[in-house]
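Engineer: Here is how the chains run, residue by residue.
2 protein chains.
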Amino acid sequence: MKHRQVLEMRKSTNRDPTNNHAASIAVLGAGGLGMAAAKIIAKKKEMKLAAIADKTGYVIDIDGIDPELLENKKPGDIGKRTDDAISEIIKSSENFDGIFIALPNLTNRFIPDIVSGFAGQGYNGVMVDALKRSQAVEMIFGLDNMLNDAGITYITGAGATPGLLTCAAAIAANSFMEVIGVDINFGVGVANWESYRATIREDIAHLEGFNLEKAANMTCAEIKEELDNRNGILHLHNMEHADDVLLEKAGIVSCEKVKVGGVVDTRNPRKPVSTTMTLTGRTFDGAVSSHRFILGDETTMAANVVGPALGWMKAGLEFHARGIYGVFGSAEIMPRFVL
Amino acid sequence: MKHRQVLEMRKSTNRDPTNNHAASIAVLGAGGLGMAAAKIIAKKKEMKLAAIADKTGYVIDIDGIDPELLENKKPGDIGKRTDDAISEIIKSSENFDGIFIALPNLTNRFIPDIVSGFAGQGYNGVMVDALKRSQAVEMIFGLDNMLNDAGITYITGAGATPGLLTCAAAIAANSFMEVIGVDINFGVGVANWESYRATIREDIAHLEGFNLEKAANMTCAEIKEELDNRNGILHLHNMEHADDVLLEKAGIVSCEKVKVGGVVDTRNPRKPVSTTMTLTGRTFDGAVSSHRFILGDETTMAANVVGPALGWMKAGLEFHARGIYGVFGSAEIMPRFVL
Chain A
1 MKHRQVLEMR KSTNRDPTNN HAASIAVLGA GGLGMAAAKI IAKKKEMKLA
51 AIADKTGYVI DIDGIDPELL ENKKPGDIGK RTDDAISEII KSSENFDGIF
101 IALPNLTNRF IPDIVSGFAG QGYNGVMVDA LKRSQAVEMI FGLDNMLNDA
151 GITYITGAGA TPGLLTCAAA IAANSFMEVI GVDINFGVGV ANWESYRATI
201 REDIAHLEGF NLEKAANMTC AEIKEELDNR NGILHLHNME HADDVLLEKA
251 GIVSCEKVKV GGVVDTRNPR KPVSTTMTLT GRTFDGAVSS HRFILGDETT
301 MAANVVGPAL GWMKAGLEFH ARGIYGVFGS AEIMPRFVL
Chain B
1 MKHRQVLEMR KSTNRDPTNN HAASIAVLGA GGLGMAAAKI IAKKKEMKLA
51 AIADKTGYVI DIDGIDPELL ENKKPGDIGK RTDDAISEII KSSENFDGIF
101 IALPNLTNRF IPDIVSGFAG QGYNGVMVDA LKRSQAVEMI FGLDNMLNDA
151 GITYITGAGA TPGLLTCAAA IAANSFMEVI GVDINFGVGV ANWESYRATI
201 REDIAHLEGF NLEKAANMTC AEIKEELDNR NGILHLHNME HADDVLLEKA
251 GIVSCEKVKV GGVVDTRNPR KPVSTTMTLT GRTFDGAVSS HRFILGDETT
301 MAANVVGPAL GWMKAGLEFH ARGIYGVFGS AEIMPRFVL
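Note that the protein sequences, when read in sequence, are chains A and B. If you count by the UniProt record's numbering, then the first sequence holds residues 1 to 339, one letter each, in order. If you count by the UniProt record's numbering, then the second sequence holds residues 1 to 339, one letter each, in order.
Hints may contain errors.
Copies of the same chain are indistinguishable here, so a pair counts whether it falls within one copy or spans any two.
Unchecked claim - The calculated lysine to aspartate or glutamate pairs, modelled on DMTMM-like cross-linking and capped at a C-alpha distance of 25 Å, are:
(1) LYS91 - GLU240
(2) LYS259 - ASP297
(3) LYS91 - ASP61
(4) LYS74 - ASP61
(5) LYS224 - GLU208
(6) LYS39 - ASP285
(7) LYS214 - ASP149
(8) LYS91 - ASP285
(9) LYS44 - ASP285
(10) LYS55 - ASP183
(11) LYS43 - GLU248
(12) LYS44 - ASP63
(13) LYS43 - ASP144
(14) LYS214 - GLU248
(15) LYS80 - GLU318
(16) LYS39 - GLU298
(17) LYS45 - GLU256
(18) LYS214 - GLU88
(19) LYS45 - GLU178
The hints are simulated quantities; they were obtained by calculation from the structure and are not laboratory data.
Using the sequences provided together with the hints, build the complete structure.
Structural biologist: What follows is the structure, encoded as structure tokens:
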């Protein structure tokens, strides 16, 4: 890995446009988020897509994979077919500066187990996830010592929410002596649920009367029927969302004061409500007031998850180059704009 | 200095409430911002006010100064009178983990010269400023090698704007492939201009027909007359504000695409407009959209400048403990909520 080079990149904003110091990134998952990551990385000078893997198989090309090859295809279609692609990525992991985990996470253990696999096989680069559930993020924090010993710099909860909005809350908190509450209300619109199967399935698991196991066992037809019954719209309240754990870990506010909910329209790319983070606090001079961070309605979930995730990847590469390892939450480190 | 202890604090959110590891902070300046800093630091477990200095003199008490002693008083009234208080702070600087520079900055050289003085006399802790003008911030960046060699971790432009809003812009940028523009429009209300003489004087320097020299040479009566002519309200456009330099330095957007303006009411603590940062960009999928960060109207300039400045002080203490020195802009590091 080219740690020194990554560090040097940071020190200079007028970088050589022909530089070959782009960090090699492996993307785990090739659903909506994984494919968006492939497209975004292809447009970045500081990163290249060196591998992508999902349940169909994997492709590795350390010179950079052209995302057009993946258009309407799966990794197994253009690379090697296997039902154990993650193990193949782990075997080749010395080639990757960073791993972005964009896999569905229907059981809490799934991603922590994969991460342990990387550490156990000697991987010592950067890892970033876009996990959403509090329990899964807590399990990742439980790997802090293991990842620190392995020399892995890991950033968890590094998507949109948790992620971009959590980090905005952490910054907003600085105006206040005491944070009274954080309220995140998201709007998501997708043209059809099939493009974000795993995400929508996980959203269904948060509905009243559902849980992770039940959602995981539903057939696609059952998901479709459930969505039909709700006119394609999911109203979510008091979700188990790791913004709470991440803000508590950063010392900003205790878990129970963080509320996350939202509205998901599975039939319309237009957002049903503007995604807003509202942080309410008390200032040193006694005023109670709220700072708000509002995402532009035209920005998609993919843009708001993957862009920040790669921003945290860059931050992680910088920390790693400085020898700073272990697990960090997205409310503890600032994502760094990737050139 | 207690670097190891500061670092340890970061690793634990369940800190010993009786710990004596509070970082010793010296505040330079005892105007509106300096006095707010004294009050805020007094309420924080992780910091203590070890010194405060202005043109009247200075007080040093490494066990912590009670800010009530300063109520309606100046440092020279309760400590030692001298017209060279900064030199006295420099002489004692080995006692301070961090220095917050809250001095008026009517010439661009003033604060960079003070910083050079600290480095020249062997200070090797953390320094944070709330400078506003682009040229002054650029001069601080010019000290990077000197401060790096001295072992000083310095964060510049670390107030509200530049500062809190610049950092929010840097985070918001991650959703986009390209940032088209950043627009900062602030509203400030102060009950009377006398509480924020230096700040209001600097704002007047930005008005058409005025400059820094002219504003610096105005008598208080002339300032009052100018404010009377404008019914106490200053409309500011296209200000020379370091948000531009800081965002360019962080690789996010070129200087000329950052616009800063605002409305200052010098007779009413209520804000005439809500302070808003709007970042417009183009996403990977071609959408043009804007994220916004809006400050609560009830939060004062003091809360929004000093809270974040101390947040960057904590971030600087963490970096310093890890041996990371030199100059950083407020768009490159995340401020860390101070307990």
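Engineer: Evaluate each hint against the coordinates.
Structural biologist: Against the structure, the hints come out as follows:
1. LYS91 - GLU240: neither (34 Å within a copy, 53 Å between copies)
2. LYS259 - ASP297: both (21 Å within a copy, 23 Å between copies)
3. LYS91 - ASP61: The answer is within: 14 Å in one copy meets 25 Å, while 58 Å across copies does not.
4. LYS74 - ASP61: Answer is within; shortest intra-copy Cα gap is 15 Å, inter-copy 66 Å.
5. LYS224 - GLU208: Answer is within; shortest intra-copy Cα gap is 17 Å, inter-copy 62 Å.
6. LYS39 - ASP285: For LYS39 and ASP285, the Cα distance is within 25 Å only across copies (9 Å; inside one copy 48 Å).
7. LYS214 - ASP149: neither (37 Å within a copy, 60 Å between copies)
8. LYS91 - ASP285: Answer is neither; intra-copy 57 Å and inter-copy 33 Å both fail.
9. LYS44 - ASP285: between (45 Å within a copy, 14 Å between copies)
10. LYS55 - ASP183: Classified as neither: same-chain Cα gap 36 Å, cross-chain 44 Å, threshold 25 Å.
11. LYS43 - GLU248: The answer is between: 20 Å across copies meets 25 Å, while 35 Å in one copy does not.
12. LYS44 - ASP63: Only inside one copy: LYS44 and ASP63 sit 14 Å apart there, 51 Å across copies, limit 25 Å.
13. LYS43 - ASP144: Classified as neither: same-chain Cα gap 32 Å, cross-chain 31 Å, threshold 25 Å.
14. LYS214 - GLU248: Close neither inside one copy (29 Å) nor across copies (49 Å); limit 25 Å.
15. LYS80 - GLU318: neither (32 Å within a copy, 45 Å between copies)
16. LYS39 - GLU298: within (18 Å within a copy, 42 Å between copies)
17. LYS45 - GLU256: Only across copies: LYS45 and GLU256 sit 23 Å apart there, 41 Å inside one copy, limit 25 Å.
18. LYS214 - GLU88: neither (30 Å within a copy, 69 Å between copies)
19. LYS45 - GLU178: Cα proximity of LYS45 and GLU178: across copies only (13 Å, versus 41 Å in one copy).
This entry does not satisfy hints 1, 7, 8, 10, 13, 14, 15, 18, going by the numbered hints stated previously.
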